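Work out the full structure, taking the sequences as your base and the hints as a guide.
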Amino acid sequence: MSRQEDWREVGGVDALDAAIPRASHGLPWLQRLRTRAALGLTPVVAPAVLFVPIGTALGPSFINVLSPTVLSHLDAVVAVALAVLGVFAGLALDLRSQRNRRLFTAASVEAIVTLLLVSAALFVLLAAWRLPMGLSHGLVALTLGLCASVSSAGGADDASPTHAVAAGIADLDDVLPIVVSGLLVVMLGSASPVPVWSSVAWLFRTIALGIAIGTAGWLLFERAHSRAERNVFIAGTVALIGGTASFLDLSPLLAGLMAGLLWVWLPGHADRVVGIDLQRVQHPLIVVLLLVAGASCEFSRQALWLSGPLVLFRLTGKLMGGWLATRGQVPVTASQLGLHLIAPGLLGIAVALHLLQVVRTPGMTAVLTAVVIATLASEALALVLRPSEEPPA
Amino acid sequence: MSRLLALAIIVATTAVVTHASAATGRGGGPGTALAIGFALIAASLTGELFERFRLPRISGYLLFGVVCGPFVGAILTPAMARELQIVNGVAIALIAFIAGLEINVVRLRPQLRAMMTMGGVMLALMWVSLSLLFFLAWPWLPILPDVDGLARAALSTLVATVTVSFSPTVSIAVITESRARGPLSELVLALVVLADLMLILLFTLSMEGVRFALGSSQAGHGILSGLAWEIFGSFAFGGIVGACFAFYLRYVGREVTVMLLGVAILLSQVGGALHFEPLLAALAAGLVVENIAPPEGDALRLAVERGALPVLVLFFAAAGANLHIGALADVGVFAVAIVTVRMVLIYGSAKAGARVAGLAGEAPSLAWMGLVSQAGVTLGLAILINTEFPDWGGNLYALIVAMITLHEIVGPILFRSALTRAREVGRMDLVESPERRAADAEAPA
Chain U
4 MSRQEDWREV GGVDALDAAI PRASHGLPWL QRLRTRAALG LTPVVAPAVL FVPIGTALGP
64 SFINVLSPTV LSHLDAVVAV ALAVLGVFAG LALDLRSQRN RRLFTAASVE AIVTLLLVSA
124 ALFVLLAAWR LPMGLSHGLV ALTLGLCASV SSAGGADDAS PTHAVAAGIA DLDDVLPIVV
184 SGLLVVMLGS ASPVPVWSSV AWLFRTIALG IAIGTAGWLL FERAHSRAER NVFIAGTVAL
244 IGGTASFLDL SPLLAGLMAG LLWVWLPGHA DRVVGIDLQR VQHPLIVVLL LVAGASCEFS
304 RQALWLSGPL VLFRLTGKLM GGWLATRGQV PVTASQLGLH LIAPGLLGIA VALHLLQVVR
364 TPGMTAVLTA VVIATLASEA LALVLRPSEE PPA
Chain C
177 MSRLLALAII VATTAVVTHA SAATGRGGGP GTALAIGFAL IAASLTGELF ERFRLPRISG
237 YLLFGVVCGP FVGAILTPAM ARELQIVNGV AIALIAFIAG LEINVVRLRP QLRAMMTMGG
297 VMLALMWVSL SLLFFLAWPW LPILPDVDGL ARAALSTLVA TVTVSFSPTV SIAVITESRA
357 RGPLSELVLA LVVLADLMLI LLFTLSMEGV RFALGSSQAG HGILSGLAWE IFGSFAFGGI
417 VGACFAFYLR YVGREVTVML LGVAILLSQV GGALHFEPLL AALAAGLVVE NIAPPEGDAL
477 RLAVERGALP VLVLFFAAAG ANLHIGALAD VGVFAVAIVT VRMVLIYGSA KAGARVAGLA
537 GEAPSLAWMG LVSQAGVTLG LAILINTEFP DWGGNLYALI VAMITLHEIV GPILFRSALT
597 RAREVGRMDL VESPERRAAD AEAPA
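So the protein sequences, as listed, match chains U and C.
Numbering-wise (this note's numbering), the first sequence opens with residue 4 and increments by one.
Numbering-wise (this note's numbering), the second sequence opens with residue 177 and increments by one.
Check the hints yourself; a few may be wrong.
[Unchecked claim] Examples of chain C residues lying across from chain U (beta carbon under 10 Å, computed):
no.: 1; residue: 196
no.: 2; residue: 208
no.: 3; residue: 373
Just so you know, the hints here were simulated from the structure itself, not pulled from any lab data.
Predicted model, so just to flag it, every value in this text is computed and none were measured.
Every residue gets a Cβ at the ideal spot worked out from N, C-alpha and C, and that includes glycine.
Given below as structure tokens:
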């Protein structure tokens, strides 16, 4: 493939975007016309902000183009999209360098702090308000905490050192929530309360599943006879990870994470080829995931009551988590790191949507809706609470 | 060895997962994703194994479907096998679009008239012979043995029409996956496309005859307008979509694989909803792109290479998984007899057609081997008959399914063998090799 075709397929400089002058040349409103941004392909406009409202408008609550029947057919795509997100999280988890290990520690600290703070605060609030959720308040609070703990460092044009660290932390702070969501899926999916040891056993099954399919993929990717064949193997492996995990009511995110991690650690270039190929297919998958999430929302009283505190507790958690993360020898300004991590990205929505697929109850629908509203509000907050300008690294 | 190990891991994991799940009949989203993932990997590997034995890959995909499908190995549940067919519409549209891209009218023009003559003679001979044979053998056929007179004649022509039908999809798929190019590929392509057009006409007329003979209330309703809409509307719709796609390729040209799949979805779903023939519409779209606004550079060819393989794998794996092997046991003897007669007729009429058309050489003498396959089109016709005449249509459906099973096994192997004998396998790549080499040289390591 020539370089020209490569950027046409994979992304990168866009011919139309290149024709539009950059913001520094004046005419800042023209930036909104940049096609990659409009398609949600760069963090200039977060994909969730664009596609979730479209999904809501198309969903059963409004014009019903995405009817419940259509949504059930799209479950297959959502399962694969979840597996792809898990694989990306796994591919980012390359801990062979000292810097990455430090970043991973910082990211885990930040995620744990946010998770605990949001879960605890919402648990207290839920108990005080006695909101009828149809689910254990503890599980609802934990779910919301999980969805709040992920982040995506926005500001693609920001070249400051703090932003570089924040981007690394944002890539790695998905890992812990994905692992915990693997447990939560089992606990929520069972009709009767599940003992912790049983949940842990199911967690190991998810891990084994990811490793088994990941190993099969690794045996295939680098020995493919052509690019087309390799594409088939990669697509098949990811679909199989998503499909088998969802079929057993396990977490495709966790299974994908394990497969991605395996490809990083095993010899060869599996991680690189998978990363390049999945970059190509992730856009449509993510768009479908966000449309389905938007269409699955129902704006109930519970959802509206939960979303406000969720935004505030998440903001507090991120600022505290960011501050604590800088204690772990991460060379950035403590007060600035949290501000870089306010944008939540789409993993929180993905986790909530998957849990809704496992437990289709009004309570879980309210949780997804609250997460969606909080995500959109947090994206808006991220634009308002911008970190102060730093010189480029 | 590593591929076999990978295949073993995939098959074992899927078998354990599908059998471990309490809800064995479970389909829906997760079941679909599982089936697609499993089919993509395992069928690809089976196809590759077949290629090592000089057999067509698509026979491998089919065999994978049969072995792992619900009627034999039961690794895939019936619900999963059904849901694998989700790609059928897209696959047919994509395969026909690729066929359109391969038809260069300027290159074919000198041969076009002779090809049309050969196809016309062939179809006429086959249809008349089969109609007569079915009329004579009607009392012994397990369809509706008691009818006589006009009804028997009308039914014989209808069954003959369905039996004559070829599979453009399988023929084109064998050409695509063999990367074949040459006189035989072009002749078979022209013949199956012509047959598909004629078949729509013949089937509409035969159904009308049966309706009239059996006294159906639906007789005579908008037959000409329906035909015109289906044939000319399909070409017009496909032409417009093709022109838009050509415009996109020329002036935007990014995310071509995704756009190509989007075009296939548009042609199959929107075209289907408007009662167009997806195969004709997609063929017209491909023709327009190739002949009126050919794309510059390699973007489309690369997109076709990327997009076609997974779609072909899934399409034929689904076809295999949904082959009712049981139908062979019920009406296998009749099916074998009809398949044998049909093959003899294809061979004889192809020779006669080539002689009348004045075509000589290796391609016309091997062309019959590319026309044996039957698949989706034939099945679709049987379903239409079964829907309108449920009291006897079911018997015909079982017979057709058994015939398709045999044809799907034999047809691709025969055609691949013919392409090999004509030395056309892999020539698509040879023609493009200088450009391809230049592109590969530029590709990042």
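Results of checking the hints against the structure:
1. Here the hint on residue 196(C) is kept, as its CB sits about 7 Å from the closest CB of chain U, short of 10 Å.
2. Taking 10 Å as the C-beta cut-off, the interface hint given for residue 208(C) holds, the closest approach to chain U being about 4 Å.
3. For residue 373(C), the interface hint is violated, the least distance from its beta-carbon to any beta-carbon of chain U being 31 Å, above 10 Å.
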